[in-house]
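Enquirer: Letter by letter, the chains look like this.
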Amino acid sequence: MNRRSVNSAVWFSFVVLPAVALLSLHGELVADELAADKVVAGKAADESGVAGAEVSLGEFIDQQIRQGWTDNEIEASPLASDEEWVRRVYLDLVGRIPTLTEARQFLADKNPRKRAMLVDVLLENEDYVRNFTTIWANNSIGRGAPQRVSRSGMEKFYREAFAKNRPWNEIVVDILTASGHYEENGAVNYILAQMQMPDDAVQLTAMTTRLFLGLQVQCTQCHNHPFNKWQQDQFWEFNSFFRQVDKRDHRKLDPKTGRQVDDYSEVVWKEFTGPVYYEKRSGMMQVAFPRFQGREVDPGVGVDRRAELAKLITEPAGDEPAQLAQAMVNRTWSHFFGYGFTRPVDDMGPHNPPSHPELLKRLSQEFVAANYDVKQLIRWIVSTEAYQLSSQYGEKNRIDDPAAGEMPLFSHMYLKSMQAEQLYDSLIVASNAHQSGNGSWSAQEEQRRRWMQQFVVAFDNDENDESTTFNGTIPQALMMMNSELIDKACSVERGSFLFEQMSSPGAETQKINDLYLAALTRKPTRAEMTKMQKALARYGAAKLNGYQDMFWALLNSNEFIFIH
Amino acid sequence: MSLWNNYGMNRRHFMQHMATAAATIPAMNFLSHVQANADVLKSSQKSCILMWMGGGPPTIDIWDLKPGSKNGGEFQPIDTAAPGVQISEHMPETAKVFGDLSLVRSMSTREADHGRGRYYMQTSYVPNPTVVHPTFGSVVSYEIGRNRKALEIPAFVSVDGGAGQAGFLGMTHAPFVVDNTGRIRNEPSEESRQRLGARLTMLDEIEAGFMNSRRGELPKAHQDVYRNAVNLMTSRQMAAFDVAKSDPMLGLEAESDVTRDAYGRNGFGQGLLMARRLVQVGVPFVEVNMGGWDLHAGVFDTLKNQRLPQLDKGIAAITADLKARGMLDNTVLVWMGEFGRTPRINQDVGRDHWAASWSVMLGGGGLKNGQAVGATDKDGVQIADGSKAYLPGDIWATVAHAMGIPINTVHTSKRGRPMKLANGGTPIQELIG
Numbered sequence: 001m002n003r004r005s006v007n008s009a010v011w012f013s014f015v016v017l018p019a020v021a022l023l024s025l026h027g028e029l030v031a032d033e034l035a036a037d038k039v040v041a042g043k044a045a046d047e048s049g050v051a052g053a054e055v056s057l058g059e060f061i062d063q064q065i066r067q068g069w070t071d072n073e074i075e076a077s078p079l080a081s082d083e084e085w086v087r088r089v090y091l092d093l094v095g096r097i098p099t100l101t102e103a104r105q106f107l108a109d110k111n112p113r114k115r116a117m118l119v120d121v122l123l124e125n126e127d128y129v130r131n132f133t134t135i136w137a138n139n140s141i142g143r144g145a146p147q148r149v150s151r152s153g154m155e156k157f158y159r160e161a162f163a164k165n166r167p168w169n170e171i172v173v174d175i176l177t178a179s180g181h182y183e184e185n186g187a188v189n190y191i192l193a194q195m196q197m198p199d200d201a202v203q204l205t206a207m208t209t210r211l212f213l214g215l216q217v218q219c220t221q222c223h224n225h226p227f228n229k230w231q232q233d234q235f236w237e238f239n240s241f242f243r244q245v246d247k248r249d250h251r252k253l254d255p256k257t258g259r260q261v262d263d264y265s266e267v268v269w270k271e272f273t274g275p276v277y278y279e280k281r282s283g284m285m286q287v288a289f290p291r292f293q294g295r296e297v298d299p300g301v302g303v304d305r306r307a308e309l310a311k312l313i314t315e316p317a318g319d320e321p322a323q324l325a326q327a328m329v330n331r332t333w334s335h336f337f338g339y340g341f342t343r344p345v346d347d348m349g350p351h352n353p354p355s356h357p358e359l360l361k362r363l364s365q366e367f368v369a370a371n372y373d374v375k376q377l378i379r380w381i382v383s384t385e386a387y388q389l390s391s392q393y394g395e396k397n398r399i400d401d402p403a404a405g406e407m408p409l410f411s412h413m414y415l416k417s418m419q420a421e422q423l424y425d426s427l428i429v430a431s432n433a434h435q436s437g438n439g440s441w442s443a444q445e446e447q448r449r450r451w452m453q454q455f456v457v458a459f460d461n462d463e464n465d466e467s468t469t470f471n472g473t474i475p476q477a478l479m480m481m482n483s484e485l486i487d488k489a490c491s492v493e494r495g496s497f498l499f500e501q502m503s504s505p506g507a508e509t510q511k512i513n514d515l516y517l518a519a520l521t522r523k524p525t526r527a528e529m530t531k532m533q534k535a536l537a538r539y540g541a542a543k544l545n546g547y548q549d550m551f552w553a554l555l556n557s558n559e560f561i562f563i564h
Numbered sequence: 565m566s567l568w569n570n571y572g573m574n575r576r577h578f579m580q581h582m583a584t585a586a587a588t589i590p591a592m593n594f595l596s597h598v599q600a601n602a603d604v605l606k607s608s609q610k611s612c613i614l615m616w617m618g619g620g621p622p623t624i625d626i627w628d629l630k631p632g633s634k635n636g637g638e639f640q641p642i643d644t645a646a647p648g649v650q651i652s653e654h655m656p657e658t659a660k661v662f663g664d665l666s667l668v669r670s671m672s673t674r675e676a677d678h679g680r681g682r683y684y685m686q687t688s689y690v691p692n693p694t695v696v697h698p699t700f701g702s703v704v705s706y707e708i709g710r711n712r713k714a715l716e717i718p719a720f721v722s723v724d725g726g727a728g729q730a731g732f733l734g735m736t737h738a739p740f741v742v743d744n745t746g747r748i749r750n751e752p753s754e755e756s757r758q759r760l761g762a763r764l765t766m767l768d769e770i771e772a773g774f775m776n777s778r779r780g781e782l783p784k785a786h787q788d789v790y791r792n793a794v795n796l797m798t799s800r801q802m803a804a805f806d807v808a809k810s811d812p813m814l815g816l817e818a819e820s821d822v823t824r825d826a827y828g829r830n831g832f833g834q835g836l837l838m839a840r841r842l843v844q845v846g847v848p849f850v851e852v853n854m855g856g857w858d859l860h861a862g863v864f865d866t867l868k869n870q871r872l873p874q875l876d877k878g879i880a881a882i883t884a885d886l887k888a889r890g891m892l893d894n895t896v897l898v899w900m901g902e903f904g905r906t907p908r909i910n911q912d913v914g915r916d917h918w919a920a921s922w923s924v925m926l927g928g929g930g931l932k933n934g935q936a937v938g939a940t941d942k943d944g945v946q947i948a949d950g951s952k953a954y955l956p957g958d959i960w961a962t963v964a965h966a967m968g969i970p971i972n973t974v975h976t977s978k979r980g981r982p983m984k985l986a987n988g989g990t991p992i993q994e995l996i997g
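Line by line, the protein sequences give chains A and B.
FYI, the working numbering numbers position 350 of the first sequence as 350, with every residue one higher than the one before it.
FYI, the working numbering numbers position 342 of the second sequence as 906, with every residue one higher than the one before it.
Pulled out of the complex, with its shape left as it was, chain A reads as follows (with noise of 0.2 Å):
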């Protein structure tokens, strides 16, 4: 047994386990893990130095979500079907819906373990690596088309990473700390798209701790920021480790038409030394030096100032954990819940307290504990009370409702919409497109870029932002009523996943079982099977008519789109 999964039993031994399909998640881990657990959890309390590591760390999160409860006065949602969970937990941790047969598989099975077990499964399932590479390289780099930047370059990178599960604070350096060709080392694309205007590295500074900080410091570009712990001086000693960046951007001659045409892109050293000169407002010029988090770099010559960086990013922040790896939890939180414990995610600080202080210090703590293991810290959240509940509120949590605005209480899941690429690999998934050999996973990359580009709005300024038409509004509706992908996922035609499942022999009902199923991972209700009957009796003679009209209608729906 590797060392990622005895870090995961820890506290499933431990957990007072609130409901009977928290049973069925952690419940034989007890018996055969139990003597392993206890020389981990305690060489973990030992690394992180958390106080009372008797409370389990899934014990822990559980209380401070049930506090939270208590101290508003509701009652939570009850647990999540199975049908509910497993659509979730697959559109979560793979970036689509489960297959016909991999939902048929779960619902039959009867070991009390499968939760757990599934989370296992997915997180060494290829589409894993394929759904929190998507998910990074948009971070990193946009949806769009920046200028003189590899997406498949950044894409091999991440790719590799999740592959690896490299540990988190080892990927974040070696982006930051990147130089050389973009395709040979993908890493350096993070940095080349945040370089798309000559601006001193102020985007770079601004974006890297948006991103990986949890910290939003543009503001501070110019002034001191009346609520932000942040000022104008620690904005510029940040900007001036990156000063030793350069790119350059190479042409070639095109043999065919004897022109220069774009060649590859690489970040380069540049020297530099010294302090970095900044404005006040009241016009006066000021020197920073490299310095983070009180701790002064060298500004001379021959010292990587990267590379200085790359050592201090991982230090606790005084008495708080890493500040990479808040940000990480914060954001890998709210990517499972859809709400982290800040909002938004990427603006932490004294200004904008958490939801939940604790929980996020300690799950933080013990990230930087379990050496920044990006897998463990998924199956933490993914194995926590909270995940396992209905998106179906009550009267008693119906206060409990994010979207109005209020700190969120994670007392039911909250509806996601999902994201254009979670949207385009289900459809893929419940045509069976995916099986009729769609090439290389380049291939089906590539085809895949090429369909959201019709999406992404590019804002053409030096913060290289975006901004998508995915979002909910008529472009989106048009797409899934009439597009040819969602022409292919209702296909008819031989081989097609329709015409396989419906000219088969079998009872109607259990044909609109399937549909429902592949489409929305449950059964329709007796009422909905009354009328798609109904419905498709008009059809006469050409019911598989009726059948991809139905199938067209559940890929249409509501609650094909969110996540819940």
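Some residues of chain B that are not near chain A, with every Cβ distance over 10 Å (derived): (1) K630; (2) P641; (3) M813; (4) L816; (5) T973; (6) G997.
Subject to a maximum C-alpha distance of 30 Å in a straight line, what follows is the list of computed DSSO-like cross-link-like pairs (lysine-lysine): (7) A/K396 with B/K784; (8) A/K270 with A/K311; (9) A/K396 with B/K978; (10) B/K942 with A/K280.
Because the hints were derived from the structure by calculation, they are not lab data.
C-beta atoms are modelled at their ideal positions from N, C-alpha and C, and glycine is treated no differently.
Use these hints to put chain B onto chain A, whose structure you have.
Expert: Coordinates of chain B only, in the frame set by chain A:
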């Protein structure tokens, strides 16, 4: 009740093709209905065209030149049709129509970050983590659009945009984003048109269950957006998006080469031409985006050779065209970006982000035009002594006034907090006279 009842002419329109007759259709004469609506549309038709300058335009080089100052840059001011108002020498066509336009030269906003500045200028509110404010286009959609029963296409169209959000007013008031070619992606094929009715009937069944399952407002919003999408894809008003299409019933003609050339054969110009057509069919708020203003380097060359010739042509054309058609008094023109740019010219001959003192342009809409309100000091670095500083809320309050939206309108956030229209801004007295 079925979603697809009370569907008026859209339903009538696509039901003609429908394979099944799953629900009853209100009988209605399609043509005469549109005709009657067209008359209503002509009268008291208030609209707004927002020209959004993404990236932050250097207004010191366009609207508020500082000749003789160290910050003055390379351009000289010229006179305009408005007595006493001078603008950049690279805006000669706009200068000719300036009697119908105005400047507010004393904008002083505080957000100099693209995202925050955009949010502030478009909503009048600074970003707040617990509430999403509607952009003003969404406010217009909510206040005016939902009362235009004959309007079948969205009441807030954004050409080449995408930043705006409807916030607590709900997804149906979000901008409909199109590109400047007017091509709507994923229009239905003839086959999907024919099967739409049957499919929607089934969809209705499936959606209802989820909507009533205590999962918040999103499932219902999804259905509302689909309703709008079906409305759109079955509407003849779609012709407004395509400058090559004519529809006499809607008062639309195919745009001639002369007209298209006059607006400029570029995204901004053609976007403005589309905006005029959209206003003709009753869309109350159209945003036309022009990017490329984040001029941290080489500001003068870029302005002179690329940005200003297109801008000049576009503004002059839309102003003259609306006027010639008798639409100008009913159409408010607004020109702004997220902020201005530093008076000081940087080492790369660029200008950086600057929110302390800059300009916004307004026009048409029955405003008292041909003037410049407010002033900056001789170097452009602050609002001049004795000049009033304006916020985005004051601009939008002025627009609201011109469009007949009551200034004291208050919306309610999802949390029940009252939200004043334009953040309680005041219409600019000089402009509303």
